[in-house]
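Peer 1: The listed protein sequences derive, respectively, from chains A and B.
Sequential numbering from 1 applies to the first sequence in our numbering.
Sequential numbering from 1 applies to the second sequence in our numbering.
These are calculated hints, taken from the structure and not from any lab test.
Model, not experiment: these values are computed from the prediction.
Please note: incorrect hints may appear among the correct ones.
The list treats identical chains as one, so a pair stands whether inside a single copy or across any two.
To be verified - Below, in silico cross-link-like pairs of lysine to aspartate or glutamate (EDC-like), each with a Cα-Cα straight-line distance of 16 Å or less:
id: 1; residue 1: Lys102; residue 2: Asp135
id: 2; residue 1: Lys22; residue 2: Asp442
id: 3; residue 1: Lys248; residue 2: Glu31
id: 4; residue 1: Lys248; residue 2: Glu21
id: 5; residue 1: Lys248; residue 2: Asp33
id: 6; residue 1: Lys478; residue 2: Asp413
id: 7; residue 1: Lys102; residue 2: Asp137
id: 8; residue 1: Lys30; residue 2: Asp244
id: 9; residue 1: Lys221; residue 2: Glu389
id: 10; residue 1: Lys2; residue 2: Asp74
id: 11; residue 1: Lys428; residue 2: Asp488
id: 12; residue 1: Lys453; residue 2: Asp488
There are 2 protein chains.
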Amino acid sequence: MKLKPIPVDVVLAESTVLLSEKDSTQMGVKEGDRVVITGNKTVVAVASYGVGVVEDGSIKIPSSLLEKVGTYRDGTVNVQYSHKPDSVHFIRKKMDGERLSKEQINAIVEDILENRLSGIEISAWLTALYINGMDIDEIADFTMAMANTGSIVTFSRKPVFDFHSLGGVPGNKITPIVISIVAAGGLMIPKTSSRAISSACGTSDFVETFCDVELDANQLKTIAEDIGGVFSWGGSMNLAPVDDLVIKIEHPLGINPRAQMLASIMSKKVAMGSTHLLVDIPTGQGTKVPTLESAKSYARDLMDLGDRIGMHVECAITYADQPIGNAVGPNLEARECISILEGSKHPSSVVEKAVECAGILFEMAGIPNGAVKAKEILDSGAAYKKFMEIVVAQNGRPDLKSEDLKPGKYSFDVLASHAGYVHSIGNKQIVMVAKAAGAPSDKGAGLMIYKKKGQRVEQGDVLMTIYAESESKLQRAKESALANRPFDIEGMLLKRVTEVKPI
Amino acid sequence: MKLKPIPVDVVLAESTVLLSEKDSTQMGVKEGDRVVITGNKTVVAVASYGVGVVEDGSIKIPSSLLEKVGTYRDGTVNVQYSHKPDSVHFIRKKMDGERLSKEQINAIVEDILENRLSGIEISAWLTALYINGMDIDEIADFTMAMANTGSIVTFSRKPVFDFHSLGGVPGNKITPIVISIVAAGGLMIPKTSSRAISSACGTSDFVETFCDVELDANQLKTIAEDIGGVFSWGGSMNLAPVDDLVIKIEHPLGINPRAQMLASIMSKKVAMGSTHLLVDIPTGQGTKVPTLESAKSYARDLMDLGDRIGMHVECAITYADQPIGNAVGPNLEARECISILEGSKHPSSVVEKAVECAGILFEMAGIPNGAVKAKEILDSGAAYKKFMEIVVAQNGRPDLKSEDLKPGKYSFDVLASHAGYVHSIGNKQIVMVAKAAGAPSDKGAGLMIYKKKGQRVEQGDVLMTIYAESESKLQRAKESALANRPFDIEGMLLKRVTEVKPI
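Full structure from sequences and hints, please.
Peer 2: Here's what the structure looks like:
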């Protein structure tokens, strides 16, 4: 059917066009069906009824799409019913609990990337994945399919080491320390990190306070091959870009199906050419992995998947029942991280975790007593030297000092209301307070936590200081701290058991 | 955050607004999250990033939504993050395979009706229902929740009989015959029908060729209580309107979860105040119910559900391996239907099915030998008299004759290419050809089928005639007949088994 296109200035994720109900019925098109639109070129879009806003004989079409398709000489476009892509049938198969072949998985991933599946269809796909899952061979195919949707980086140096944290615990600023130690030890570890998704501060959020993180593939390759280490933001690399499209649908549903989560992590490592990968699995209340049992199950999955796709994967299950170290928030985490590289032994939990992780990476490279070697490299200042080489290569200041990183100028001390022992510090609550203070977009926003689990506090002791860049955000963070109460302080006697009397 | 609203002239099913990425981050809003928008009034909408089309400090908002919300005196609106409605958590529960309570089911149904759930969320709901299902008590709660979203009709006459066909077989024009017989027998049966969804001709599509079907609740009540029978289109009655919203999401996914299907049918009967319901389950290849086993399972479900909601439900499993009668398409089906009421004994398959169904309804009312009574009423002309009373009450012509209903003036005979026996007639293929000819929107479009299963045909015999209202649609239907080949003609010997020789 020939229709007059009316451009509308709205760009949505999906290519949706509006048709009149009468024209739609005439063409046999129902809401949610696809139509092929032909002018100079041909595009496929999802049809919706524009009840009351589209006249018969016309089609409302986003301007950007109309530019792409053009019109005939008479100013019209041709519109026709289009069949569903095959991938919709493969999604149905997964809904029916069936296994998918490599080709079927490829088709789904490609159609998501090319915008050929609507939000409704991707939602059904993720729900089916969440309920019916995938076996490890399907996940391996899924991983490779996702990796192949974006750039693939190839290094002339081999092997390629990598380090990944599942995240979920605040204050986890070990990545630049691990990378600096491992690169100083002679290995190549081109690390790409992410910005915060739901946390208060991702690795890239604090690294960008002292050097550039938005490197392109060539810059990353050059720095990694020359210096051994790099701290890049993965988002600028076009790695497995289909993942970003899926996250948009996962987020409102509040789900992250296991198959999708594993393929999402591993596809980016495949795209980076990683041959040896250490995965840190922070385990504890309020993180993504609450129990040791679930941590072991993730570790098994990741290692099995590594086997299938030819990558040497090891996992470190790490303690994460409370924030790592003292600092939370971009500038504060950067300061704590750099001070350790400068020689500080505190906080020891950060130092130990970084050394242990670097040690495992050395052992994966065949170097014995990895942790001892990692400790030597950190203590000798070799890691600091390597760190500064990387910082300078990424346009950081050659005279960078940890004290350069300043907290926001508005601050508030949270005091203990009564004496006792710190019984718990809620990871989720800490994140909420830091975000209320403005982290991660306000670089000076965050928290310094002075008391950790099991420590004795007296009434009036400072438990933590909240920093913000504006008075209003400080106020918001104070309110959040009051509402969420991240600290739980109790007497050492948790519960008094009275004598059991006979009934 | 205060933003300047920019109206856009697009109305989508969902209330979607576009924000800049920077403003969204500032507010802690991610794509797919909800925002509360406040001006004169307060509304909730789903947020999307308008990359490149929304400036910081502004919000693009559909004009209709902006009219509803209004602005502050300074022309701005206030925008804030809003939590997901509780129903999203209940959808998650179903995804996790759990049972839902009545209150939880009510919340989901209400939020779908009030546009508080996005397409992505409804898609996850339907997918979870498809995979994890509901038990019969949940379905009963679901049915009542859906019924309560719309109008409830109450009759002063009781009991209220009803008749429903699951459909899926072309040519099934028995409804006006059944209603006329039953009403002539003294029962009240206020029947609401649907238009075609995927078929070539729904009951309302052919009834509206000879009388009005868009009655409001008062008209329907008056006619039913006075005359006993009515042929109304359910769509004009606002019965369980949430169903229409769900169908829009089911359609692109190509699913109709059992729980949704049962609740969809039964909620409309509850809304119509039905106390006694007969369900016709057409069973055969190419219908919704291909095997006797699946038909029995539907029947059990419907009767169990009837028990739970206090409705007397019986089911008739009917033969549907080929089209019912000879005519397919609005005018042609109307002609065949009326001619039987006028006294024609042909096609006997239509007569028999109508008489059997009316007979079961009589027996549900406690009248013995229902089929005998139904036959008497049809043969005596009492059913025809009742039919004409209903037609006139619905503004049909008092001198209506079956011959008034004319096929389209363009026609084409499909001939047998070789002699043999009709081995099968494909229901789906017949529907495709009739739709290609223009049914159901072109009232004269359709087919007359002259040869049925098991009949002997000679080369050159006319198998069916295709009718259309334009030459181009006739051409399209011819091509469809050629491509889909609805008739399968074979020699009586289906397969010759040759002597089995030893290897």
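Peer 1: Are any of the numbered hints broken by this structure? If so, which, sorted upward?
Peer 2: When the structure is compared with the hints, none of them turns out to be violated.
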